[in-house]
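*Asks:* Sequence:
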Amino acid sequence: MSHKLIIAGDSAFAEIAYEYFTHDSEYEVVGFTVERDYLRKTELFGLPVVPFEDLEAHFAPAQHAFFAAATYTQLNRLRTRLYLDAKARGYTPASYISSRAFLWRNVTLGEHCFIFEDNTVQPFVGIGDNVVLWSGNHIGHHSRIGDNCFIASHAVVSGFCEIGANCFLGVNVTLVNNIRIGDDCLIGAGALVAKDVEEDSLVKTAPGSAGPSARRYFKVRD
1 MSHKLIIAGD SAFAEIAYEY FTHDSEYEVV GFTVERDYLR KTELFGLPVV
51 PFEDLEAHFA PAQHAFFAAA TYTQLNRLRT RLYLDAKARG YTPASYISSR
101 AFLWRNVTLG EHCFIFEDNT VQPFVGIGDN VVLWSGNHIG HHSRIGDNCF
151 IASHAVVSGF CEIGANCFLG VNVTLVNNIR IGDDCLIGAG ALVAKDVEED
201 SLVKTAPGSA GPSARRYFKV RD
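Going by full-length UniProt numbering, the sequence shown opens with residue 1, and the numbers climb by one from there.
What the hints contain is simulated information worked out from the structure, not anything from laboratory work.
Incorrect hints may have been included.
Said to hold, decoys possible - Taking lysine-lysine and the BS3-like style, the derived pairs with C-alpha atoms no more than 25 Å apart in a straight line are: (1) LYS4 <-> LYS41; (2) LYS219 <-> LYS204; (3) LYS4 <-> LYS87.
To be verified - Simulated restraints, written as ranges between beta carbons of each label pair: (4) ALA189 <-> ASP54: 37 to 43 Å; (5) GLN63 <-> PHE102: 30 to 36 Å; (6) LYS204 <-> LEU47: 26 to 32 Å.
Yeah, the Cβ is synthetic: ideal placement off N, Cα and C, and Gly gets one too.
Whole structure, please, built from the sequences with the hints as guidance.
*Replies:* This is how it looks when you write it as C-alpha coordinates:
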(Lines of atoms letter the chains of each structure in order from A; the text may use other names.)
(Lines give C-alpha, C1' and ligand atoms only; values in the text may rest on other atoms or scores of the structure.)
Protein backbone atom coordinates (compact mmCIF):
# COMPACT_ATOMS: atom_id res chain seq x y z
CA MET A 1 0.00 0.00 0.00
CA SER A 2 1.45 3.37 -1.02
CA HIS A 3 1.25 6.53 1.05
CA LYS A 4 0.95 9.90 -0.65
CA LEU A 5 3.92 12.18 -0.07
CA ILE A 6 4.71 15.85 -0.57
CA ILE A 7 8.37 16.87 -0.90
CA ALA A 8 9.47 20.36 0.09
CA GLY A 9 12.02 21.70 -2.37
CA ASP A 10 12.68 21.68 -6.11
CA SER A 11 16.47 21.48 -6.24
CA ALA A 12 18.97 18.61 -6.28
CA PHE A 13 18.05 17.01 -2.94
CA ALA A 14 14.35 17.18 -3.83
CA GLU A 15 15.05 15.37 -7.10
CA ILE A 16 17.14 12.76 -5.29
CA ALA A 17 14.47 12.30 -2.61
CA TYR A 18 11.87 11.82 -5.35
CA GLU A 19 13.94 9.01 -6.89
CA TYR A 20 14.49 7.17 -3.62
CA PHE A 21 10.97 7.52 -2.29
CA THR A 22 9.51 6.52 -5.66
CA HIS A 23 11.66 3.47 -6.35
CA ASP A 24 12.62 2.22 -2.87
CA SER A 25 9.75 2.95 -0.48
CA GLU A 26 6.03 2.59 0.01
CA TYR A 27 5.50 6.30 -0.63
CA GLU A 28 3.99 7.78 -3.78
CA VAL A 29 5.24 11.31 -4.41
CA VAL A 30 2.28 13.38 -5.59
CA GLY A 31 3.69 16.90 -5.48
CA PHE A 32 6.35 19.36 -4.42
CA THR A 33 6.17 22.57 -2.43
CA VAL A 34 8.40 25.65 -2.16
CA GLU A 35 8.01 28.82 -0.16
CA ARG A 36 6.34 31.46 -2.32
CA ASP A 37 9.36 33.77 -2.50
CA TYR A 38 11.43 30.94 -4.03
CA LEU A 39 8.81 29.47 -6.35
CA ARG A 40 10.39 29.39 -9.82
CA LYS A 41 8.55 26.52 -11.49
CA THR A 42 5.08 25.02 -11.39
CA GLU A 43 5.97 21.43 -12.28
CA LEU A 44 8.68 18.86 -11.53
CA PHE A 45 8.68 15.30 -12.88
CA GLY A 46 5.18 16.00 -14.18
CA LEU A 47 3.94 16.79 -10.66
CA PRO A 48 2.74 20.17 -9.36
CA VAL A 49 5.00 22.52 -7.40
CA VAL A 50 2.81 24.63 -5.12
CA PRO A 51 3.46 27.43 -2.60
CA PHE A 52 4.26 26.11 0.85
CA GLU A 53 2.05 28.76 2.41
CA ASP A 54 -0.98 27.38 0.49
CA LEU A 55 -0.18 23.70 0.87
CA GLU A 56 -3.50 22.74 2.48
CA ALA A 57 -5.43 24.13 -0.50
CA HIS A 58 -3.76 21.52 -2.73
CA PHE A 59 -3.03 18.54 -0.45
CA ALA A 60 -5.10 17.66 2.61
CA PRO A 61 -2.90 17.17 5.71
CA ALA A 62 -4.78 14.10 6.93
CA GLN A 63 -4.12 12.29 3.66
CA HIS A 64 -0.49 13.21 2.97
CA ALA A 65 2.95 12.72 4.47
CA PHE A 66 5.69 15.32 4.13
CA PHE A 67 9.45 15.41 3.73
CA ALA A 68 11.60 18.56 3.66
CA ALA A 69 14.40 17.93 1.17
CA ALA A 70 16.76 20.64 2.38
CA THR A 71 20.40 19.98 3.21
CA TYR A 72 22.41 21.75 5.94
CA THR A 73 21.51 25.35 5.10
CA GLN A 74 21.85 27.54 8.22
CA LEU A 75 23.14 24.54 10.17
CA ASN A 76 20.02 22.55 9.25
CA ARG A 77 17.62 25.30 10.38
CA LEU A 78 15.79 25.49 7.05
CA ARG A 79 15.02 21.77 6.96
CA THR A 80 14.03 21.87 10.62
CA ARG A 81 11.71 24.84 10.18
CA LEU A 82 9.90 23.35 7.18
CA TYR A 83 9.53 19.95 8.84
CA LEU A 84 8.16 21.36 12.10
CA ASP A 85 5.86 23.80 10.30
CA ALA A 86 4.34 21.05 8.16
CA LYS A 87 3.98 18.76 11.17
CA ALA A 88 2.19 21.50 13.12
CA ARG A 89 -0.21 21.87 10.20
CA GLY A 90 -1.14 18.18 10.39
CA TYR A 91 1.16 16.52 7.85
CA THR A 92 2.83 13.27 8.89
CA PRO A 93 6.65 13.44 8.81
CA ALA A 94 8.05 10.86 6.41
CA SER A 95 11.36 9.01 6.68
CA TYR A 96 13.35 7.10 4.09
CA ILE A 97 15.70 4.23 4.94
CA SER A 98 17.47 2.70 1.97
CA SER A 99 16.91 -1.00 1.44
CA ARG A 100 20.69 -1.12 0.99
CA ALA A 101 21.49 0.39 4.38
CA PHE A 102 22.30 -1.74 7.42
CA LEU A 103 20.68 -0.76 10.70
CA TRP A 104 21.01 -3.20 13.60
CA ARG A 105 17.75 -4.35 15.18
CA ASN A 106 17.98 -2.19 18.32
CA VAL A 107 18.92 1.09 16.66
CA THR A 108 16.48 3.83 17.65
CA LEU A 109 15.55 6.25 14.91
CA GLY A 110 13.56 9.46 15.16
CA GLU A 111 11.08 10.83 12.66
CA HIS A 112 11.75 12.71 9.42
CA CYS A 113 15.10 11.05 8.71
CA PHE A 114 16.78 10.17 5.42
CA ILE A 115 19.27 7.28 5.43
CA PHE A 116 21.06 6.65 2.15
CA GLU A 117 22.57 3.41 0.86
CA ASP A 118 25.67 1.78 2.33
CA ASN A 119 25.27 3.26 5.80
CA THR A 120 26.24 0.89 8.60
CA VAL A 121 24.57 1.69 11.91
CA GLN A 122 25.71 -0.62 14.69
CA PRO A 123 23.97 -1.91 17.84
CA PHE A 124 22.64 0.47 20.51
CA VAL A 125 22.95 3.57 18.33
CA GLY A 126 20.40 6.34 18.84
CA ILE A 127 19.53 8.74 16.01
CA GLY A 128 17.32 11.76 16.66
CA ASP A 129 14.67 13.46 14.57
CA ASN A 130 15.34 15.15 11.25
CA VAL A 131 18.73 13.54 10.58
CA VAL A 132 20.27 12.98 7.14
CA LEU A 133 22.95 10.30 6.68
CA TRP A 134 24.29 10.58 3.14
CA SER A 135 25.80 7.45 1.59
CA GLY A 136 28.51 5.24 3.01
CA ASN A 137 28.86 6.23 6.67
CA HIS A 138 29.82 4.09 9.65
CA ILE A 139 28.00 4.89 12.90
CA GLY A 140 29.64 2.94 15.71
CA HIS A 141 27.96 1.11 18.57
CA HIS A 142 26.43 3.03 21.48
CA SER A 143 26.81 6.37 19.71
CA ARG A 144 24.17 9.11 19.70
CA ILE A 145 23.32 11.57 16.93
CA GLY A 146 21.21 14.52 18.03
CA ASP A 147 18.25 16.09 16.26
CA ASN A 148 18.62 18.03 13.02
CA CYS A 149 22.05 16.76 12.01
CA PHE A 150 23.51 16.17 8.55
CA ILE A 151 26.36 13.71 8.03
CA ALA A 152 27.90 13.69 4.57
CA SER A 153 29.43 10.64 2.90
CA HIS A 154 32.05 8.24 4.28
CA ALA A 155 32.24 9.62 7.79
CA VAL A 156 33.39 7.27 10.55
CA VAL A 157 31.78 7.77 13.94
CA SER A 158 33.43 5.37 16.35
CA GLY A 159 31.87 3.80 19.42
CA PHE A 160 30.35 5.73 22.34
CA CYS A 161 30.39 9.07 20.51
CA GLU A 162 27.82 11.80 21.09
CA ILE A 163 26.96 14.34 18.40
CA GLY A 164 24.85 17.30 19.51
CA ALA A 165 21.91 18.86 17.72
CA ASN A 166 22.16 20.84 14.47
CA CYS A 167 25.63 19.59 13.51
CA PHE A 168 27.17 19.08 10.09
CA LEU A 169 29.92 16.50 9.49
CA GLY A 170 31.66 16.71 6.10
CA VAL A 171 32.90 13.90 3.91
CA ASN A 172 35.56 11.58 5.34
CA VAL A 173 35.34 12.93 8.87
CA THR A 174 36.63 10.55 11.54
CA LEU A 175 35.62 10.62 15.21
CA VAL A 176 37.64 8.35 17.52
CA ASN A 177 35.96 6.53 20.40
CA ASN A 178 34.21 8.40 23.22
CA ILE A 179 34.11 11.81 21.51
CA ARG A 180 31.50 14.43 22.34
CA ILE A 181 30.57 17.06 19.75
CA GLY A 182 28.54 19.99 21.10
CA ASP A 183 25.48 21.48 19.44
CA ASP A 184 25.80 23.63 16.32
CA CYS A 185 29.18 22.40 15.13
CA LEU A 186 30.64 22.15 11.65
CA ILE A 187 33.27 19.44 11.28
CA GLY A 188 34.98 20.01 7.94
CA ALA A 189 35.78 17.42 5.31
CA GLY A 190 38.59 15.03 6.22
CA ALA A 191 38.92 16.17 9.84
CA LEU A 192 40.22 13.71 12.42
CA VAL A 193 38.56 14.50 15.73
CA ALA A 194 40.51 13.08 18.66
CA LYS A 195 39.12 15.19 21.51
CA ASP A 196 35.80 16.75 22.47
CA VAL A 197 34.52 19.75 20.50
CA GLU A 198 32.70 22.61 22.22
CA GLU A 199 29.33 23.94 21.11
CA ASP A 200 29.30 26.28 18.08
CA SER A 201 32.74 25.24 16.83
CA LEU A 202 34.09 25.07 13.32
CA VAL A 203 36.70 22.32 12.96
CA LYS A 204 38.73 22.30 9.76
CA THR A 205 41.40 19.64 10.14
CA ALA A 206 41.63 19.12 13.89
CA PRO A 207 39.87 20.39 17.03
CA GLY A 208 40.85 23.97 17.76
CA SER A 209 41.60 24.99 14.16
CA ALA A 210 41.28 28.72 13.62
CA GLY A 211 38.10 30.07 12.08
CA PRO A 212 34.75 31.68 12.86
CA SER A 213 32.12 29.95 14.94
CA ALA A 214 29.84 27.54 13.10
CA ARG A 215 26.73 29.65 13.71
CA ARG A 216 28.50 32.74 12.35
CA TYR A 217 29.79 30.78 9.34
CA PHE A 218 26.23 29.67 8.49
CA LYS A 219 24.72 33.09 9.33
CA VAL A 220 22.39 31.61 11.92
CA ARG A 221 20.47 34.38 13.67
CA ASP A 222 18.49 32.51 16.33
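*Asks:* State for each hint whether it applies.
*Replies:* Cross-check of the supplied hints:
no.	hint	verdict
1	LYS4 <-> LYS41	holds (21 Å)
2	LYS219 <-> LYS204	holds (18 Å)
3	LYS4 <-> LYS87	holds (15 Å)
4	ALA189 <-> ASP54: 37 to 43 Å	holds (39 Å)
5	GLN63 <-> PHE102: 30 to 36 Å	holds (33 Å)
6	LYS204 <-> LEU47: 26 to 32 Å	violated (41 Å)
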